[in-house]
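Just so you know, the sequences run in chain order A, B, C and D.
All the letters of the first sequence, read from the start, carry residue numbers 14 to 384 under my numbering.
All the letters of the second sequence, read from the start, carry residue numbers 14 to 384 under my numbering.
All the letters of the third sequence, read from the start, carry residue numbers 14 to 384 under my numbering.
All the letters of the fourth sequence, read from the start, carry residue numbers 14 to 384 under my numbering.
No lab work stands behind these hints, which were simulated from the structure alone.
Please note that a few of the clues may not be correct.
Copies of the same chain look alike in the list, so a pair counts if it works inside one copy or between any two.
[As the list claims (entries may be wrong)] Derived lysine-lysine pairs resembling BS3-like cross-links, with alpha carbons at most 30 Å apart:
| id | residue 1 | residue 2 |
| --- | --- | --- |
| 1 | K286 | K194 |
| 2 | K194 | K243 |
| 3 | K176 | K229 |
| 4 | K243 | K340 |
| 5 | K194 | K340 |
| 6 | K301 | K340 |
| 7 | K349 | K176 |
| 8 | K342 | K194 |
| 9 | K129 | K286 |
| 10 | K349 | K194 |
| 11 | K105 | K229 |
| 12 | K243 | K90 |
| 13 | K243 | K349 |
| 14 | K105 | K349 |
| 15 | K243 | K342 |
| 16 | K176 | K342 |
| 17 | K176 | K286 |
Number of protein chains: 4
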Amino acid sequence: MNYVQYPSIFYSIFEPIMAGNSFGQLFKLTTFGESHGPAIGGVIDGCPAGITLDLEAIQRELNRRKPGQSALVTQRKEPDEVVFYAGIFEGKTTGTPIGFAIHNTNQKSRDYAHIKDSYRPSHADKVYDDKYGFRDYRGGGRSSARETASRVVAGAIAKQFLKSIDIQAYVSAVGPIALTKDHSTLDFSLTETNPVRCPDPEKATEMEAYIRRIRKEGDTVGGVISCVIKNVPIGLGEPVFDKLHAELGKAMLSINAVKGFEYGSGFAGAQQKGSEHNDQFNADGTTKSNHSGGIQGGISNGMDIYFNVAFKPVATIMQSQTTLDNKGKMVEMQGKGRHDPCVVPRAVPIVEAMAALVLADLTLLNRGTRY
Amino acid sequence: MNYVQYPSIFYSIFEPIMAGNSFGQLFKLTTFGESHGPAIGGVIDGCPAGITLDLEAIQRELNRRKPGQSALVTQRKEPDEVVFYAGIFEGKTTGTPIGFAIHNTNQKSRDYAHIKDSYRPSHADKVYDDKYGFRDYRGGGRSSARETASRVVAGAIAKQFLKSIDIQAYVSAVGPIALTKDHSTLDFSLTETNPVRCPDPEKATEMEAYIRRIRKEGDTVGGVISCVIKNVPIGLGEPVFDKLHAELGKAMLSINAVKGFEYGSGFAGAQQKGSEHNDQFNADGTTKSNHSGGIQGGISNGMDIYFNVAFKPVATIMQSQTTLDNKGKMVEMQGKGRHDPCVVPRAVPIVEAMAALVLADLTLLNRGTRY
Amino acid sequence: MNYVQYPSIFYSIFEPIMAGNSFGQLFKLTTFGESHGPAIGGVIDGCPAGITLDLEAIQRELNRRKPGQSALVTQRKEPDEVVFYAGIFEGKTTGTPIGFAIHNTNQKSRDYAHIKDSYRPSHADKVYDDKYGFRDYRGGGRSSARETASRVVAGAIAKQFLKSIDIQAYVSAVGPIALTKDHSTLDFSLTETNPVRCPDPEKATEMEAYIRRIRKEGDTVGGVISCVIKNVPIGLGEPVFDKLHAELGKAMLSINAVKGFEYGSGFAGAQQKGSEHNDQFNADGTTKSNHSGGIQGGISNGMDIYFNVAFKPVATIMQSQTTLDNKGKMVEMQGKGRHDPCVVPRAVPIVEAMAALVLADLTLLNRGTRY
Amino acid sequence: MNYVQYPSIFYSIFEPIMAGNSFGQLFKLTTFGESHGPAIGGVIDGCPAGITLDLEAIQRELNRRKPGQSALVTQRKEPDEVVFYAGIFEGKTTGTPIGFAIHNTNQKSRDYAHIKDSYRPSHADKVYDDKYGFRDYRGGGRSSARETASRVVAGAIAKQFLKSIDIQAYVSAVGPIALTKDHSTLDFSLTETNPVRCPDPEKATEMEAYIRRIRKEGDTVGGVISCVIKNVPIGLGEPVFDKLHAELGKAMLSINAVKGFEYGSGFAGAQQKGSEHNDQFNADGTTKSNHSGGIQGGISNGMDIYFNVAFKPVATIMQSQTTLDNKGKMVEMQGKGRHDPCVVPRAVPIVEAMAALVLADLTLLNRGTRY
């Protein structure tokens, strides 16, 4: 066969596109925005009508994610104030799309020469140039984790829709320092009492000290966020391709810097025997153990859902690195700016937001549970 | 079976949602906004990277749709200026989502008492209350044709992507006054020379006079918009459910006030015999006649695409009508405000925009045409 | 920019695909099959659990569409028996996908030489070759209306889900012979009493005679199918892009040979004044007239939905035509085989099936209506 | 607000549906079928036209998954022969949907009394009853891993489309016995030389002995499958929600019994410092290390993709368990039938199939990569 793609009168169709800026099927978030463009924001399509929104609660979630909130995170100044353009009337959702924006107040001209023509190691700079032909290089453009602020807005609204479902994420490991307690023994009211967002105060102190040391070295470190979801009604999840845990997994893996996801017994469960791993029933339909992590065959069974999310260390380090430029030459690059030494404290509200979006969507897809 | 829908701990899932605020599969527009909210706008997801955008051309398309542009249309003042928040860098599309808004400058408090509690005949007021429980009643809220301004923005960008494809819509009938000439004999450079947007100057004059007379009567009138698309590459359209003409039909029927769609020979073709209607081939692959309207089996065949779109008369008339209020009582209602006596002149750019969105999406779905 | 599409190690991505073989968002039909392949069939995803299916009623719908059912239609022999592979257990739907097939019993080797290398006028032969590089030419392959048998199966199941919603399609015009009575005065119990499927017995006789005459001439003729839907709950339809009438329009325009769609007042409504066209309310929420066709702002208002669908004359005529072959030469082609002189009698169940699919899908998307 | 859901004339819309039986956006698989129904199968929509299919290679993939293939797996007899109904003509794909079925030859009446009314621990029996009201209990119905046979068929076709992309999955752990070698040092030609599908012959022998011992105990054990993908072009993946690794993660987590997914450095990477973890560039654009796992910012960078998938132990054990029945009583249940003591050997082709489906879909979404 001899295919030519298109007559020359036609605009080249072979320019690349970016798909995948929407999440969810019925409760659906579409985001837009580059790190240093005029604004980031999004549209929430499918939020039910008649929900009285607590706008301050939404802003509070954003504040948990924003830079400069503690000595442990980047000291950039971004107020991250959300404005709503549509979908809310007299304090309630109307059922129509909720349009919102977070305007960038911090757009002053900076020196981007070091990243304009060079590719930072373990960043998306080069693959963006490869795929799209050029990129908005200011602050990482679309590949910046700044995009996740829009997810936090939408997740905060999803939480208000989900009402009694209780979603609690927390930092369970920073580098080699990991929680050893089972999640059922943790007091989540302590999570927000320290800048690491770890509900075990002793471990939190250790983690904080570790992050401070790493930062002094001009280095960064990875970590793990765990999440526990209580009061989930039985029946959420579509049991073939869109299993509840498959949707949660995709949601978490779509967050910048995430390298792994496990739920329930997770990777440790792979080492167990069936006779150990099986969750035996109680007469009331609950189970004695919960290796299943609240999900059977992709469907919530009413027990607590819990999962872990692994984050790699931030790729921007304050050390000199030899790297590649866009002419194929090796160049020296020095980290600049104000970056997070460890991403997990600020990523806690993002994990909760993505979990809320998954549950809101599967709630709308669900149509009834027998009692 | 005995289903209860959800435990009472759970936010009622039976609050209604509004789906369907997105259009397109790969070149996808999502819109938000109510008539008198802070802003309307949208996100264009999937616009290819590297297109040098003519922003003034986009604003020009918006100006063709905006109120107050001539004596024939509503005299409301809405400047309809679009601002872009993302997806454009150094004058070119980056491939990332294009976020935009049109801020409402005209939000002054008005007297909506006459529509807040009463249902205007042949408007969506009552079904919105029925479906969503309440509504943003200001100026029709989400049901207002003001939403189509976002479509015009996206359509203008789609036109720039489609480049050489030439999309020409025009008014072909106003009430009983209809063009009789075949579209192939019309000079489309005349369309914008009169406020009716009819390329036949004599008919345009008649139509204009008719609209003025109707308006004096406090009445409104319907009309027809026709559209001709030239230079369409062979091969656009997915031949089962997403036929090119089915997508065009849905696109047009999604415009406020549209009652019908026909393409090629249309309803008249239903009266013909096969021996008359068949388009015989020329040796170069073109056809002698074009009853097919440029589409065979749902796929473009390279001939001109043409279609007609019927619009009902505007439902808001400046006459007193007896109607229903939300307590089930019959009340007297008097039309107020500044409304269009005939919607078709301002709807011409909307028809073009929706056609451009369909073609842009099917272009991205298409992967090759043999020559 | 200098894009190359892909490294040569990679299978050419520029081979074309066919998208759009699914219809619906939650109640979703995906079809497969070519006219003379081993089987056609499909998968219905999203059919609710617990519906006791009347399998004979499904087969009866298929029999209304099948060839050879009367002297007016093609005399091909295709028993069109559906077999179900999944999704039904102990007589009830399980909520899982319903997989089904209609095996082709009539696959005997035939002489396709006349269409293998030549392009029939006003058929999809040439655009398929243009778009896909080659085609299954046997009986039109995927472009054959045989695909619609799968739609009839799915539509018959949708009807059983929709229960009390009453969908009645009928032939309202054959060539120049058209019904003049308003649909509200017709007795639909007469539709199936004549081979034309026209509920006006006098007109049915005229139409039948006309079709017989046309067939004798070796010619074909177009027609119009009308459809009336009663007992539709208030609130179906998504009021922006996925308006109820936009979905109906797309559904109908996706049926082979359809050239136009209008609902309610349709194209005639474009000639009216607002003061005539507006549907005034009664105190019970119904309207005195129904120019709106049961739909306001894209949402059902509880009144009868009605619409018209225009079909072109069948392109295969029993006369000699000069046409193009795939070497670019003009050749003589003689119609062969057993074809319908007029497609509308057999298309009546297809129109009903597509209407049922639209309503089933919008029913699942709808989440509540206030009373 | 006072919502009632629907008038009583209407079929209850609150019957539940099962969504999510499709995978992929452009290269899309929809599956149907219950474990012991007449057939399982599916439709592949969007497979490019013109691919010469090796049907035997497809069957070979199915044979790698089928029961009874070795002494290590279930001894059930299911020949698992695929028949194709559409989408292939003269040995090549036509671009139209590929419909296929695997008929169940082993439908003889069995004694299901022990699972009809009782809920097996850590199986989906109870949540299916909860969500759908009843279930096809024969062999697990839709929740059975038998559904994955359809995925293997589609994945085998995706592999033929992807041509030079090389996807190699293998067993890297069975219970506590794990591979310690880096994937880059393994000889994948050895994977199929032992019934465990482990490319390290010594470990394979250990694993095999372990599985035999576990089976004798009437118990089961979990395991890990790893996968390495070579020759991936730069540019696959959509960098916000539909990141390449997020799609892979969802794909793997949608496979029955999967509990976790990690790619590149995975959970171990969360313990590292940025200075260790960053992948430094070589002058040719490759990287010195590959902690990124071939993916940067959600986009393939041309290096090898590798990931691990954790599987829980099979829940059906040949030991007596106390469990719940559907009347809320505790009952004794004895495992019956022929089940796998360890699922990972048969899951290797499923992991490869799902990986192939992800890559095929993202290949069609990708439109160009600069060189």
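Hints and how they fare:
Within a single copy, K286 and K194 get their C-alpha atoms as close as 23 Å, and across copies as close as 24 Å, so both meet the 30 Å cut-off. When the C-alpha separation of K194 and K243 is checked against a cutoff of 30 Å, the pair qualifies only within one copy, where the shortest distance is 18 Å, while the shortest distance between copies is 40 Å. In this assembly of identical chains, the alpha carbons of K176 and K229 never lie at most 30 Å apart, being 42 Å within a copy and 49 Å across copies at closest. Proximity of K243 to K340 under the C-alpha cut-off of 30 Å is restricted to the inter-copy arrangement: shortest distance 26 Å between copies versus 53 Å within a copy.
Neither within a single protomer nor between protomers do K194 and K340 lie at most 30 Å apart by alpha-carbon distance, with minima of 51 Å and 37 Å respectively. Taking CA atoms no more than 30 Å apart as the test, K301 paired with K340 passes between copies only; the shortest distance there is 19 Å, against 61 Å inside one copy. Taking identical chains as interchangeable, the C-alpha atoms of K349 and K176 are never at most 30 Å apart, the minima being 42 Å within one chain and 42 Å between chains. In this assembly of identical chains, K342 and K194 lie within 30 Å of each other by CA distance neither inside one copy nor across copies; the values are 49 Å within and 34 Å between.
Taking CA atoms no more than 30 Å apart as the test, K129 paired with K286 passes between copies only; the shortest distance there is 25 Å, against 53 Å inside one copy. For the homomeric pair K349 and K194, neither the shortest alpha-carbon distance inside one copy (38 Å) nor that between copies (38 Å) is at most 30 Å. Taking identical chains as interchangeable, the C-alpha atoms of K105 and K229 are never at most 30 Å apart, the minima being 47 Å within one chain and 40 Å between chains. In this assembly of identical chains, K243 and K90 lie within 30 Å of each other by CA distance neither inside one copy nor across copies; the values are 35 Å within and 42 Å between.
When the C-alpha separation of K243 and K349 is checked against a cutoff of 30 Å, the pair qualifies neither within a copy, at 42 Å, nor between copies, at 35 Å. Taking CA atoms no more than 30 Å apart as the test, K105 paired with K349 passes between copies only; the shortest distance there is 27 Å, against 44 Å inside one copy. For a Cα distance limit of 30 Å, the shortest separation of K243 from K342 across copies, 26 Å, qualifies, whereas the shortest one inside one copy, 53 Å, does not. Taking identical chains as interchangeable, the C-alpha atoms of K176 and K342 are never at most 30 Å apart, the minima being 55 Å within one chain and 33 Å between chains.
For a Cα distance limit of 30 Å, the shortest separation of K176 from K286 qualifies neither inside one copy, at 38 Å, nor across copies, at 39 Å.
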